[in-house]
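If you're matching them up, the sequences are chains F, W, Z and Y in order.
The working numbering puts the first residue of the first sequence at 1, with every later residue one more than the last.
The working numbering puts the first residue of the second sequence at 1, with every later residue one more than the last.
The working numbering puts the first residue of the third sequence at 1, with every later residue one more than the last.
The working numbering puts the first residue of the fourth sequence at 1, with every later residue one more than the last.
By construction, these hints were calculated from the structure, which means they are not laboratory data.
Computed from a prediction, not measured in an experiment: that's the story for all the values here.
There could be a bad hint or two in this list.
Result set (DSSO-like, lysine-lysine): computed pairs, CA atoms no more than 27 Å apart in a straight line [claimed, not checked]: (1) K2(Y) - K23(Z); (2) K23(F) - K4(F); (3) K23(F) - K4(W); (4) K23(Z) - K4(Y); (5) K23(W) - K2(F); (6) K4(Z) - K4(Y); (7) K2(Z) - K2(Y); (8) K2(Y) - K4(Z); (9) K2(Z) - K4(Y); (10) K2(F) - K2(W); (11) K23(Y) - K2(Y); (12) K4(W) - K4(F); (13) K23(Y) - K2(Z); (14) K23(W) - K4(F); (15) K4(Z) - K23(Z); (16) K23(Y) - K4(Z); (17) K2(F) - K4(W); (18) K2(W) - K23(F); (19) K23(W) - K4(W).
Here's a subset of chain W near chain Z, in silico, CB distances under 7 Å, partners left out [said to hold, decoys possible]: (20) R56; (21) R59; (22) D63; (23) L74; (24) E80; (25) A88; (26) Q89; (27) A96.
A few chain F residues that don't get close to chain Z, going by computed Cβ distances all over 12 Å [unchecked claim]: (28) I5; (29) E7; (30) T8; (31) R15; (32) A16; (33) Q19; (34) V75; (35) H83; (36) D102; (37) S109; (38) R115; (39) E126; (40) S136.
Just so you know, even glycine gets a beta-carbon here, dropped at the ideal spot from N, CA and C.
What follows is the residue order along each chain.
There are 4 protein chains.
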Amino acid sequence: MKQKILETMLRSHPRADLQRADKYADVLEALSLCRQVCISCADACLSEEQVAHLRRCIRTDLDCADVCEATLRLVTRQTESPHELVHAQLHACVLACQLCADECEQHASMHDHCRVCAETCRHCQERCNFLLGEISSTGVEEQGADPTDSPTFRR
Amino acid sequence: MKQKILETMLRSHPRADLQRADKYADVLEALSLCRQVCISCADACLSEEQVAHLRRCIRTDLDCADVCEATLRLVTRQTESPHELVHAQLHACVLACQLCADECEQHASMHDHCRVCAETCRHCQERCNFLLGEISSTGVEEQGADPTDSPTFRR
Amino acid sequence: MKQKILETMLRSHPRADLQRADKYADVLEALSLCRQVCISCADACLSEEQVAHLRRCIRTDLDCADVCEATLRLVTRQTESPHELVHAQLHACVLACQLCADECEQHASMHDHCRVCAETCRHCQERCNFLLGEISSTGVEEQGADPTDSPTFRR
Amino acid sequence: MKQKILETMLRSHPRADLQRADKYADVLEALSLCRQVCISCADACLSEEQVAHLRRCIRTDLDCADVCEATLRLVTRQTESPHELVHAQLHACVLACQLCADECEQHASMHDHCRVCAETCRHCQERCNFLLGEISSTGVEEQGADPTDSPTFRR
Chain F
1 MKQKILETML RSHPRADLQR ADKYADVLEA LSLCRQVCIS CADACLSEEQ
51 VAHLRRCIRT DLDCADVCEA TLRLVTRQTE SPHELVHAQL HACVLACQLC
101 ADECEQHASM HDHCRVCAET CRHCQERCNF LLGEISSTGV EEQGADPTDS
151 PTFRR
Chain W
1 MKQKILETML RSHPRADLQR ADKYADVLEA LSLCRQVCIS CADACLSEEQ
51 VAHLRRCIRT DLDCADVCEA TLRLVTRQTE SPHELVHAQL HACVLACQLC
101 ADECEQHASM HDHCRVCAET CRHCQERCNF LLGEISSTGV EEQGADPTDS
151 PTFRR
Chain Z
1 MKQKILETML RSHPRADLQR ADKYADVLEA LSLCRQVCIS CADACLSEEQ
51 VAHLRRCIRT DLDCADVCEA TLRLVTRQTE SPHELVHAQL HACVLACQLC
101 ADECEQHASM HDHCRVCAET CRHCQERCNF LLGEISSTGV EEQGADPTDS
151 PTFRR
Chain Y
1 MKQKILETML RSHPRADLQR ADKYADVLEA LSLCRQVCIS CADACLSEEQ
51 VAHLRRCIRT DLDCADVCEA TLRLVTRQTE SPHELVHAQL HACVLACQLC
101 ADECEQHASM HDHCRVCAET CRHCQERCNF LLGEISSTGV EEQGADPTDS
151 PTFRR
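Extracted from the complex, chain F is given alone in its bound form (with noise of 0.2 Å):
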């Protein structure tokens, strides 16, 4: 249903990519529903009695709920697309939700909220390794979507 009316909202854009619609709704409700499971998530952990022992799942829920934040409104966006950009922010969400996933999975037997994170953000993290793909192969890499070809990029 959600998923339906992103999609209308994709199609009925000016500049709407009528060919991917389905596609970018389905990674859009995917960072949705991750950013969301990662801040209640973070919250459970803080009210769990064996709080010291979820410090690095509560920073980790927190840092993926706000890169998936900024990762949903670029990928909304259709307005003059800076690919690159996109790109290189897909990338840091797709670490994001890979270490989000494998930190609640060490706690998913106790917690079932990170059980159910862990098994969101790695949906999240497939989602958009998969836009990183189609992105990819649409002429992106000739703007330099390789971040090591980024002249600002440096070690």
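Dock chains W, Z and Y against chain F, hints included.
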């Protein structure tokens, strides 16, 4: 589906309000969808040829998205909930949804994204108003839920 | 320095309120600092040995940061400002700052981050209260700035 | 002044990196100012008569504000910092600031808000690039800071 996941998260919280988990999940779903649709509508309006006539719509979309985002985070948290604050934030959210729905309705016949956004905001406004009533009916008044009672609120 | 830049931004706005630019920049600076300090305090509390005793403090820090963030974005925008909404959001922000200051003050003697956070929230509360008065004294009431006047506000 | 407060917050953190507190406070100040100025510039552009010519500028402003916001929250947190993620998010932020500065510079002679925004983004880009180097020089590579090393990064 998503709502079931949000409800599972709320129910797995150590301080879960089991009687209300479904109602809260319902509000969280409405808030999450509304902020998402508003970000999408603002961006679609920005790409319309008549963007100059959509300034106020873009403004109300952006405001509604930001207010829903803050409200969503507060309502999601179940740890030591500050009822008076949640009440005040929900009130601001009801106004944001109402203003955005009113504005988008004026462009609904021209733009599908405005039509869907108006409907989504109206639903979120109604859900937040419902939760306002729920919270008010649980002794929050004794905590000073009425803004006019607040010593920090001057006119 | 920063405040000068914020004031320059406000003054360069096509619909700038030149009489109030300095006051608005003052509030924006207070809101920006408060949200930043609250995020920092929540994270510092999370790392304290006695984290279990700081649950409420972390919750109020996170809430205050999120409410300040939304308020900051609304107050920053000068295009077609919806005074009633800005008023309601400022009211929620005053409550968020007050709750966070009250809670952090209880830990101020133990933790420097709570002491600084309490002072920062108190300053932001005072600045937002000032702006509430400013907005109320500019005919906003006729637009129904009083929440209890709002047809969408039920108890 | 603000920076002193941010530094005090970082120094009072139980796991404070005392050697770097001033550098981190410097980056946090740049990120906080950049997100604020970008939100202000997007809104000023929206009110310009030639708004249709400022679509791309508004888009890059909004993106830069959202990416800076997420980066700001991650860099602020000192608890169990996930260096690889902070590195990837900083990289996305450098790109966001660069794109926004490049776009705003094209309107700098016409609009003061774009001129100030371009300068602010450029400063933030430089500060984030500096921190990227700092993080890279502290054994983060061993954690796979190079995106191309990341098993989750596919092209």
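Now for the hints, and whether the structure bears them out:
1. K2(Y) - K23(Z): holds, 17 Å
2. K23(F) - K4(F): holds, 11 Å
3. K23(F) - K4(W): holds, 22 Å
4. K23(Z) - K4(Y): holds, 22 Å
5. K23(W) - K2(F): holds, 17 Å
6. K4(Z) - K4(Y): holds, 17 Å
7. K2(Z) - K2(Y): Holds, because 9 Å separates the two Cα atoms, which is no more than 27 Å.
8. K2(Y) - K4(Z): holds, 13 Å
9. K2(Z) - K4(Y): Distance of about 13 Å is within 27 Å: holds.
10. K2(F) - K2(W): Holds: K2(F) and K2(W) sit about 9 Å apart, inside 27 Å.
11. K23(Y) - K2(Y): Given pair K23(Y), K2(Y) holds - Cα atoms ~14 Å apart, limit 27 Å.
12. K4(W) - K4(F): holds, 17 Å
13. K23(Y) - K2(Z): holds, 17 Å
14. K23(W) - K4(F): Measuring from Cα to Cα gives roughly 22 Å; hence the hint holds.
15. K4(Z) - K23(Z): Satisfied, since the Cα-Cα distance of roughly 11 Å is no more than 27 Å.
16. K23(Y) - K4(Z): holds, 22 Å
17. K2(F) - K4(W): Satisfied, since the Cα-Cα distance of roughly 13 Å is no more than 27 Å.
18. K2(W) - K23(F): At roughly 17 Å apart (the allowed maximum being 27 Å), K23(F) and K2(W) satisfy the hint.
19. K23(W) - K4(W): Judged against 27 Å, a Cα distance of about 11 Å means the pair holds.
20. R56: holds, 4 Å
21. R59: With a minimum Cβ separation of about 5 Å from chain Z (threshold 7 Å), the hint on R59(W) holds.
22. D63: The hint holds - D63(W) has a Cβ within 7 Å of chain Z, the shortest such distance being about 6 Å.
23. L74: holds, 6 Å
24. E80: Given a least distance of 4 Å, the restraint on E80(W) holds.
25. A88: holds, 4 Å
26. Q89: holds, 5 Å
27. A96: The hint holds - A96(W) has a Cβ within 7 Å of chain Z, the shortest such distance being about 6 Å.
28. I5: Given that every Cβ of chain Z is farther than 12 Å from that of I5(F), nearest at about 23 Å, it holds.
29. E7: holds, 27 Å
30. T8: holds, 26 Å
31. R15: Nearest chain Z Cβ is 23 Å from R15(F), so the label holds.
32. A16: holds, 26 Å
33. Q19: At roughly 34 Å from the nearest Cβ of chain Z, Q19(F) sits farther out than 12 Å, so the non-interface label holds.
34. V75: Nearest chain Z Cβ is 20 Å from V75(F), so the label holds.
35. H83: holds, 26 Å
36. D102: Nearest chain Z Cβ is 19 Å from D102(F), so the label holds.
37. S109: holds, 22 Å
38. R115: holds, 22 Å
39. E126: Per Cβ check, E126(F) is outside 12 Å of chain Z; nearest 28 Å; holds.
40. S136: It holds; S136(F) is separated from chain Z by about 32 Å at its closest Cβ, greater than 12 Å.
The structure agrees with every numbered hint stated previously.
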